[in-house]
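Novice: Residue numbers (the working numbering), protein chains in the order written: chain G, 1 to 84; chain D, 1001 to 1260.
For the record, the hints were derived by calculation from the structure and aren't laboratory data.
No residue lacks a Cβ here, since even glycine has one placed at the ideal position from N, Cα and C.
Treat the hints loosely; a few may be bogus.
Cβ-Cβ distance ranges computed for the label pairs, FRET-style [said to hold, decoys possible]:
| hint | chain 1 | residue 1 | chain 2 | residue 2 | range |
| --- | --- | --- | --- | --- | --- |
| 1 | D | Asn1181 | G | Gln54 | 48 to 56 Å |
| 2 | G | Ile10 | D | Asn1193 | 53 to 61 Å |
| 3 | D | Lys1009 | G | Leu28 | 19 to 27 Å |
| 4 | G | Gln54 | D | Glu1255 | 44 to 52 Å |
| 5 | D | Ala1188 | G | Asn31 | 17 to 25 Å |
| 6 | D | Lys1220 | G | Ile10 | 30 to 38 Å |
Calculated Cβ distances over 12 Å to all of chain D for the following chain G residues [what the hints assert, rightly or not]:
| hint | residue |
| --- | --- |
| 7 | Asn8 |
| 8 | Asp33 |
| 9 | Ile36 |
| 10 | Glu37 |
| 11 | Ala38 |
| 12 | Gln49 |
| 13 | Tyr68 |
Residues per chain, in single letters:
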Amino acid sequence: MQPIPKNNNIKSYTIPLDILIDILKIVLNNNLDYNIEAINDKESSLLMQISFDQTHINHPKAKENIEYFLNDYSHFFYGSPNEQ
Amino acid sequence: METNNDHLKNKTCLNCGNNFIAERITKKYCSENCKQIAFYKRNNPQTFLLNNTNELLLTNMANHNQLAINDNNYKDEHKNVLSFNDTARDNIAVNDKRTVATTDNNTYQPVQSSFIEAIAVALEEKEQALFMLTYPQKYWQADTLATVKWISIRLRNLIENLLRFSNYNSTEKGSFKCLTNAFTQLIASPYFNLLPLNYPFTNLLKQLEQESNRIAGSLKKKSSFRFKLSSNRKVQLIATRYMLAGFIPLVKFSELNFEK
């Protein structure tokens, strides 16, 4: 197993299939290291571990972009207009 | 520290023109107040000008000139959104041509999610319905409102279940038949006939009943199957569920009677 670089911030995300392609675009466009940890076939989602290099100019932005998607999706899928 | 993603969250309210931090990419107004005023202006500009006793409207009347300018901005942006909508509807499951890849190491081009944008557009198109559910007393009298709530509680439950099934790898035929029967009973119920003409989800309810019956009829000997929703239908159901969730609580399927 390769050692994790010192500046890397690793986060795990549960990604719904509906926005998987969008998130993969960010991952691949920015050459982010990722690892599929688990597939939840029952709920059409997967657990993806993504590594962000804090010193890389684009990685923090990519991380923010991914978290925006997950936040928005979760808001529409589980939330309501009362939770603006 | 400012990042390139800040343009996603640092927004200018399309109603009052003030800058605000948006929690979501799709937010266009700084407050519920501005959202409602913009809605009135778009749907009935004369009411907006005449109905100045309304507290909500009064608070922004001082900015009226500003509002007129911002409304043009809104129209320009809205035009783009609508044209994107057409593209999204066609391409939602295929390639997203709007997505700009990161090509330069020094500049980050944020990726847009066609699925999330499509939900936002669907909500915008159903803006009238959202306002009806947010301010039901303005649209329905007490007795009609009871009917609307009775149907809406059940509709929300059925939509939640359809969305849940669509995420499952396998759906039991029996569970799906229960759902189909619930749709059929709901449409045959006396409350459905009492629904006001302006109830925004009557057609959707009929369509879902027909579609679920068609699927249930095609199952024959299968004990389980993979239930799938098209992207457009899923977007529509997520948007409808979202609107209903602000109006009525979620009740368990087993606790609901769909006949009367």
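Novice: Are the hints correct? Go through all of them and say.
Specialist: Hints and how they fare:
1. D:Asn1181 to G:Gln54: 48 to 56 Å: Distance hint for D:Asn1181, G:Gln54 holds at roughly 55 Å.
2. G:Ile10 to D:Asn1193: 53 to 61 Å: With Cβ atoms ~57 Å apart, the hint holds.
3. D:Lys1009 to G:Leu28: 19 to 27 Å: holds (24 Å)
4. G:Gln54 to D:Glu1255: 44 to 52 Å: holds (49 Å)
5. D:Ala1188 to G:Asn31: 17 to 25 Å: violated (57 Å)
6. D:Lys1220 to G:Ile10: 30 to 38 Å: violated (49 Å)
7. Asn8: holds (18 Å)
8. Asp33: holds (16 Å)
9. Ile36: holds (17 Å)
10. Glu37: holds (18 Å)
11. Ala38: holds (14 Å)
12. Gln49: holds (19 Å)
13. Tyr68: violated (6 Å)
Checked against the numbered hints above, the structure breaks hints 5, 6 and 13 and satisfies the rest.
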